[in-house]
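Chemist: One letter stands for each residue in the lines below.
Protein chains: 2
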Amino acid sequence: APPMGFGYPPPAHDPLWPYFSGVAGPDGQIDAEELQRCLTASGVADYPRPGGSFNLETCRLMLSMLDRDHSGTMGFAEFRELWTAIGAWKTTFQGFDKDRSGTIEHRELADAIRSYGYTLSPQTINVIVKRYAKRSTGQVSFDDFVALSIRLRCMGQKFRARDQSGQGYATLYFDDFIGIAMSC
Amino acid sequence: APPMGFGYPPPAHDPLWPYFSGVAGPDGQIDAEELQRCLTASGVADYPRPGGSFNLETCRLMLSMLDRDHSGTMGFAEFRELWTAIGAWKTTFQGFDKDRSGTIEHRELADAIRSYGYTLSPQTINVIVKRYAKRSTGQVSFDDFVALSIRLRCMGQKFRARDQSGQGYATLYFDDFIGIAMSC
Numbered sequence: 589a590p591p592m593g594f595g596y597p598p599p600a601h602d603p604l605w606p607y608f609s610g611v612a613g614p615d616g617q618i619d620a621e622e623l624q625r626c627l628t629a630s631g632v633a634d635y636p637r638p639g640g641s642f643n644l645e646t647c648r649l650m651l652s653m654l655d656r657d658h659s660g661t662m663g664f665a666e667f668r669e670l671w672t673a674i675g676a677w678k679t680t681f682q683g684f685d686k687d688r689s690g691t692i693e694h695r696e697l698a699d700a701i702r703s704y705g706y707t708l709s710p711q712t713i714n715v716i717v718k719r720y721a722k723r724s725t726g727q728v729s730f731d732d733f734v735a736l737s738i739r740l741r742c743m744g745q746k747f748r749a750r751d752q753s754g755q756g757y758a759t760l761y762f763d764d765f766i767g768i769a770m771s772c
Numbered sequence: 589a590p591p592m593g594f595g596y597p598p599p600a601h602d603p604l605w606p607y608f609s610g611v612a613g614p615d616g617q618i619d620a621e622e623l624q625r626c627l628t629a630s631g632v633a634d635y636p637r638p639g640g641s642f643n644l645e646t647c648r649l650m651l652s653m654l655d656r657d658h659s660g661t662m663g664f665a666e667f668r669e670l671w672t673a674i675g676a677w678k679t680t681f682q683g684f685d686k687d688r689s690g691t692i693e694h695r696e697l698a699d700a701i702r703s704y705g706y707t708l709s710p711q712t713i714n715v716i717v718k719r720y721a722k723r724s725t726g727q728v729s730f731d732d733f734v735a736l737s738i739r740l741r742c743m744g745q746k747f748r749a750r751d752q753s754g755q756g757y758a759t760l761y762f763d764d765f766i767g768i769a770m771s772c
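Just so you know, the protein sequences line up as chains A and B, in that order.
Each residue of the first sequence is one higher than the last, beginning at 589 in this note's numbering.
Each residue of the second sequence is one higher than the last, beginning at 589 in this note's numbering.
Don't read these hints as lab results, they were simulated from the structure.
Any given hint could turn out to be false.
Note that the list lumps identical chains together, so a pair holds whenever it fits in one copy or between two copies.
To be verified - List of simulated lysine to any residue pairs, SDA-like, C-alpha gap at most 20 Å:
(1) Lys-718 x Ser-652
(2) Lys-686 x Ala-749
(3) Lys-746 x Phe-762
(4) Lys-746 x Arg-637
(5) Lys-718 x Asp-751
(6) Lys-746 x Leu-644
(7) Lys-718 x Pro-603
(8) Lys-686 x Phe-762
(9) Lys-718 x Phe-762
(10) Lys-746 x Asp-764
(11) Lys-718 x Trp-605
(12) Lys-718 x Thr-628
(13) Lys-686 x Asn-714
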């Protein structure tokens, strides 16, 4: 089937289409604030309680990482891709958040990252945990978990595209390195 | 002269010492909130007006990037190093902020980054500008400029340590790549 993107007719039977078309303008694109409303309306941010929303900053991060044409906006195909990824992250998060408090412990974050299949050293996982766990409580919120997950995914995709041998390493110029790190 | 670090007696004649010792506990270390107070008291955040402060989030970023022993705190030697770097960034920023409004245009940010001597492509500079310029106005605040500068410096230092030929490229494992990107 052809990809759903520019020029393709609206996928009227897609269950996500009403949420997207409800906020997108006539150009079929949404910005960060519209993405926030879209995600809330679709129920994917309803953790731990119904009616939850992602922070606007997290939505900006999501948008900038999927915004391949640097337009500052997102079309339906990218929204669908994002929605599916968030759904999977929510399932992972819920699996660790036994008491459905909406936060997980920093040790559980390490397990969650490992469960994605990234082979990261304990030292690197520690760097990530330090960055995302609240300093006072050592807890990680669902919002922060999603922000971390999309950054890791973005970096993984860009790194893989440069790992020509498929062995887990790549030779990067400083310019390219900065470009990846600053865009993810 | 020996480096001022662990084990070295307090540098009583250092003009920065009173600001640091005024907030540091008996262990001679400061956390992010204390760093914020220290920087304000020392006047280095007084741009564009006296009495200015850096955001707490920016202070956390500064602290985590200079926190080589992962203690979550900063000693006097690191504070001094940071203070000197901020002073230089302020001079750069002021040079571009002709009307002393406290913000620079996104084009000026590109010039400022180039003035640091990083050889970055127009595409990568564009990624950075998009990340740091306010979406509505295209303006970059002094606070955001400092946050960007310390990230670039951190990434530059870590990349350089892996660039064995000194030719501007390095071969990185994915794990190491993530470690650098997530710690800067």
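Chemist: All hints are to be evaluated individually against the structure, with a verdict given for each.
Modeler: Evaluation of the provided hints:
In the homo-oligomer, the alpha carbons of Lys-718 and Ser-652 lie at most 20 Å apart only across protomers (9 Å), although the nearest pairing inside one protomer, at 24 Å, exceeds that limit. With identical chains, the CA atoms of Lys-686 and Ala-749 are never at most 20 Å apart, being 36 Å at best within one copy and 42 Å at best between copies. Both within a single protomer and between protomers do Lys-746 and Phe-762 lie at most 20 Å apart by alpha-carbon distance, with minima of 14 Å and 11 Å respectively. Taking the closest pair of Cα atoms, Lys-746 and Arg-637 never come within 20 Å of each other, the shortest separation being 34 Å inside a single copy and 41 Å across copies.
Proximity of Lys-718 to Asp-751 under the C-alpha cut-off of 20 Å is found in neither arrangement, the shortest distances being 27 Å within a copy and 26 Å between copies. Taking identical chains as interchangeable, the C-alpha atoms of Lys-746 and Leu-644 are never at most 20 Å apart, the minima being 24 Å within one chain and 31 Å between chains. Taking the shortest Cα distances, Lys-718 and Pro-603 never come within 20 Å of each other, neither inside one copy (38 Å) nor across copies (33 Å). Taking the closest pair of Cα atoms, Lys-686 and Phe-762 never come within 20 Å of each other, the shortest separation being 43 Å inside a single copy and 31 Å across copies.
Taking the closest pair of Cα atoms, Lys-718 and Phe-762 come within 20 Å of each other only across two copies (19 Å); inside a single copy the shortest separation is 25 Å, beyond that limit. In the homo-oligomer, the alpha carbons of Lys-746 and Asp-764 lie at most 20 Å apart both inside one protomer (10 Å) and across protomers (14 Å), since each shortest distance falls under that limit. In this assembly of identical chains, the alpha carbons of Lys-718 and Trp-605 never lie at most 20 Å apart, being 38 Å within a copy and 29 Å across copies at closest. Proximity of Lys-718 and Thr-628 under a CA criterion of 20 Å is satisfied in neither setting, with 28 Å inside one chain copy and 26 Å between copies.
For the identical chains of this complex, Lys-686 and Asn-714 are neighbours neither inside a copy (22 Å) nor across copies (43 Å), given an alpha-carbon limit of 20 Å.
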